[in-house]
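Undergrad: Here's the letter readout for the chains.
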Amino acid sequence: MKCARQMALDVQNGDTSAVSVLEESLAQIRSRNEELNVFLYVDEEGARAAASAVDERVARGENVGSLAGVPVALKDNLCQTNIPTTCSSKILEGWRSPYSATVVDRLLAAGAVPVGKTNLDEFAMGSSTENSAFGPTRNPHNTSRVPGGSSGGSAAAVAADMTPLALGSDTGGSIRQPAALCGLIGVKPSYGLVSRYGLIAFASSLDQIGPLTKTVSDAAIALEAIAGHDPLDSTSLPEPSPSLVAHVEDGVAGKRIGVVRELIDGADADVVASVERAVEVLKEAGAAIVELSVPEFRLGLSAYYLIAPAEASSNLARFDGVRYGLRVKADDVTAMMEATRTAGFGEEVKRRIMLGTYALSAGYYDAYYGQALKVRTLTIDAFRRAYREADLLLGATTPSVAFEFGSKTADPMAMYLSDVFTIPSNLSGEPAISVPFGTGEAGLPIGVQLLGPGRSEAQLFAGARVLEIADGRP
Amino acid sequence: MSLPDGWEMVVGLEVHTELKTNTKMFCGCANTFGAAPNTNVCPVCLGLPGSLPVLNVRAVELAMAIGTALHSTISPSTFHRKNYFYPDMPKDFQISQYDLPINAGGYLDLPDGSRVSIERAHLEEDTGKSTHLGGSGRIHDADRSLVDYNRSGVPLVEIVSGPDIRSSAQARTYAAELRGILIATGASDGRMEEGSMRIDANVSVRRTGEPFGTRCEIKNLNSLRSLVHAIDFEAARQVEMIEGGARVRQETRHWDENLGSTSTMRVKEEADDYRYFREPDLVDLVPDQAWQDRVRDGLKPMPAERRAVLTLRLADPAPALLDALEVVIDLGLDPFVVAALDAGVAPEPAIARAANEIASDLDGVDKLSVESYVATLLMEQRGELSATQSKTVLAEILANGGEPTSVAASKGFERLASGALGEVVAQLIEENPDEWSRYRSGDEKLAQFFIGQVMKLTSGQANGKEVIAELQARR
Amino acid sequence: MPELRREDVAHVAKLARLIMSDAELDMFTEQLGQVLDHASDMNALDLEGVVATAHPFGLINVVRDDVPRECLDHDVVMAMAPDAENGRFAVPRILGEAP
Chain A
1 MKCARQMALD VQNGDTSAVS VLEESLAQIR SRNEELNVFL YVDEEGARAA
51 ASAVDERVAR GENVGSLAGV PVALKDNLCQ TNIPTTCSSK ILEGWRSPYS
101 ATVVDRLLAA GAVPVGKTNL DEFAMGSSTE NSAFGPTRNP HNTSRVPGGS
151 SGGSAAAVAA DMTPLALGSD TGGSIRQPAA LCGLIGVKPS YGLVSRYGLI
201 AFASSLDQIG PLTKTVSDAA IALEAIAGHD PLDSTSLPEP SPSLVAHVED
251 GVAGKRIGVV RELIDGADAD VVASVERAVE VLKEAGAAIV ELSVPEFRLG
301 LSAYYLIAPA EASSNLARFD GVRYGLRVKA DDVTAMMEAT RTAGFGEEVK
351 RRIMLGTYAL SAGYYDAYYG QALKVRTLTI DAFRRAYREA DLLLGATTPS
401 VAFEFGSKTA DPMAMYLSDV FTIPSNLSGE PAISVPFGTG EAGLPIGVQL
451 LGPGRSEAQL FAGARVLEIA DGRP
Chain B
1 MSLPDGWEMV VGLEVHTELK TNTKMFCGCA NTFGAAPNTN VCPVCLGLPG
51 SLPVLNVRAV ELAMAIGTAL HSTISPSTFH RKNYFYPDMP KDFQISQYDL
101 PINAGGYLDL PDGSRVSIER AHLEEDTGKS THLGGSGRIH DADRSLVDYN
151 RSGVPLVEIV SGPDIRSSAQ ARTYAAELRG ILIATGASDG RMEEGSMRID
201 ANVSVRRTGE PFGTRCEIKN LNSLRSLVHA IDFEAARQVE MIEGGARVRQ
251 ETRHWDENLG STSTMRVKEE ADDYRYFREP DLVDLVPDQA WQDRVRDGLK
301 PMPAERRAVL TLRLADPAPA LLDALEVVID LGLDPFVVAA LDAGVAPEPA
351 IARAANEIAS DLDGVDKLSV ESYVATLLME QRGELSATQS KTVLAEILAN
401 GGEPTSVAAS KGFERLASGA LGEVVAQLIE ENPDEWSRYR SGDEKLAQFF
451 IGQVMKLTSG QANGKEVIAE LQARR
Chain C
1 MPELRREDVA HVAKLARLIM SDAELDMFTE QLGQVLDHAS DMNALDLEGV
51 VATAHPFGLI NVVRDDVPRE CLDHDVVMAM APDAENGRFA VPRILGEAP
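If you're matching them up, the sequences are chains A, B and C in order. Sequence positions in the first sequence follow this note's numbering and run 1 to 474. Sequence positions in the second sequence follow this note's numbering and run 1 to 475. Sequence positions in the third sequence follow this note's numbering and run 1 to 99.
Okay, chain A solo, but in the shape it has when bound:
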């Protein structure tokens, strides 16, 4: 499958039509979706209408946009009108949002063609897409392995050539980790760069929407299209979408890159080897390498697993059977709410609601949630110190390549620990990108991670592009 950039050029130039690009995408989905369980819903009708509209605009000689005719897969926690939005939860089964997320509107404005909704860990809570009420998604590289999560469906859609672009959401690594396990570029933008309006919240102060693609320039094009101030999101940064595509080839010459021990220690040998090779490549490209230790990053995991569940426990309160979605009948309203939530939520969601409710409850707030917020401050301060010595930071995205189904489901703590490298950027609200770099055990892809200070996306793309070229994708 062509990359999104080429597709858009071809559609805009009339070399191909959006409709035929779409049909190719739909054919691939038909041929592989049953096996991989990527899409929960394929909106053939809506996609055909959108593609036809693009073709008509091209025929009229209009400049359609940077994503003209590009099929896009949307993680199913992004609201889009007329089609179901489930968050992979039974509690929302059958619900159709009466409004679309800002990112969906912006994709459409750039000429993209949303083709459907992808599987995720229920309410984005998980690292393997095994926590979906609608069954796990399989890793296209090896179907006995997980695709990562929670944006596992979005990652698999791109990895399986169903669409060249997918959107995911990243609360503790949920874009970068599946990108790493599926051999893709995955971007967690600066907090507030992309509007969260219409993203069903997991942890509001950590969530960000970002792209998963096969190439760095596709990611830059997609992020440019969806970023920029949105008056519907109070936490949206006030500035317009940054210029990213123009900086993809900027390189890293003269940049200081900090290799962070805490973002590598504990990773499998094959992963460590990839990171070391990435260091060499960046050095050869003219970057100055700085060895750094940031012990606070280890504490981030503890803070994250209190802050995220605390916010989630409140965000998920509204699923009570009163206004939309599932209702389990009972004699009084409290019993109805309890029956509905008990039947509608899966085990992992309940676990996090319980954890978060406890962390916020009277008598425990200071010891847990209050403490976690302070550790968040420490993490932010630690980043600030690190960025005095380095322009960008480098580490692994995940401790290992894609793991086997069921290998961590019995032990939630083991699953949580696999997020240790991605969490710090969510706590600080700063951007990070995962780039495929080499392969490891069983020939599976490995991702390395570049991290930068707030609003440094352009530099991250430039760094990622250096690695992409060195990894054999010029």
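Some hints here could point you the wrong way.
Stated by the list, open to error - Which residues of chain B face chain A? A partial, calculated answer using Cβ under 10 Å: (1) L46; (2) L52; (3) F93; (4) Y149.
To be clear, the hints were calculated from the coordinates, so they are not data collected in a lab. Here the structure is a predicted model, which means the values were calculated and not measured. For each residue, glycine too, the CB sits at the ideal point set by N, CA and C.
Chain A is fixed; fit chains B and C onto it per the hints.
TA: The following block gives chains B and C in isolation, referenced to the frame of chain A:
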């Protein structure tokens, strides 16, 4: 009503006022009363997944105006989530200000000279409205409830007084004065009957000089009358309990207007755990000095100041006028009265026409200019309009607009031709010899009889004072 | 840090409107206990004077003008309702007044 000797009540009030904004607190849905159910709703105020709140600047400025009027310190503030499950609350949490309210501290001086401290006046969102069906229609024996979310997300300011109030009369005065302030700031229409101002009263009793007793909170008092009665009932109940050897239990109580009593609504439970935390979807509110000054400069005069302006012009107002005077202050109609007094209109009509005619059609107040009000009352004073006609003219302008002279003309309120009144009076004297002789022998009450008859014959065009003059002349 | 007890978990389930079987209570007590244990590494820190961060970037005073926007169509709203009556959302009886 007073407590037995040696007892004192301690009352603090929490007044919730809906803010008179065009739109809701966090979304662009219209903030109106009385729309068809679930028509003023959107993803945000329905709590749909993925929706996010954005703060209404007008709500912030009205809150700041209230704080300024109450001498509060306008402070950097944050929003919190108050988490509890309830069907009329679409997100199952309420966005409210918690430890850092926009207005901290302050006070309100009452017309009786007392001062009530203000602890805080903070912003929060209203809930939807439930209707209970089956049984008596009360929540307790209903079999189901229906929820309308039109009110969900309407901006509220909650004004919390210190426990400084010592009688139900003082509570009433406080609430009335606060209501006047809310109207003056433009924050509220003060319509308690529509629920735009709701009061919770914290009541406890103590033997004079002793520490505060255990308090009970009486919820949702919807009129000043209920406020007074509920406080009196509750204080007496607590005194009776303590004197009977029982202890007051801290609880929330419901006031039943029909029974004239309070009853337990819910006991304060340990399970009340709202898990407050910072609302991550909103950012801090830090009004700088320039913004605060802008709000302060935009404030109209407050009731106390306006009362002083009026009182200055009324050397010694008749006691009968005092209630009407408060209505005028409360509803902000004093500019009409002041202008009329300054133009030489007598105090009684100057105040009464505002307190009655304008007050009964406040929606039309924009159609009536101060100049038209003064002109109408001067026409009345000069005898060109009778009192009845003057009221009719004002009512007509309030309803449909217009200018007094032409409205009076269109109603046919021409002054009786000179001489015409004399003829009518002469005719009546002839037709009612008994009444005339009683009047002549000094029974002044008969004057009213003749005025009434004249009015009937002239369709209200005559002027009462002129009738009396005609009668006197023939006496 | 306080030890997590089974009755705490039961209490939290009630607060969160979740029904827990005995087996689930046992499981969650153990699993949540592990997460909280792990979090106890935060206890070793001296956090006196550290300011809590609830938000990554320090935006302030984000407000919108008081201008009406179109509401949702009433029929669209009510089509979502699991149960409705007379244009309102219907729920079974409510046991207590709102706090």
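Undergrad: Which of the stated hints cannot be reconciled with the structure, identified by number in ascending sequence?
TA: Checked against the structure, no hint fails, so every one of them is satisfied.
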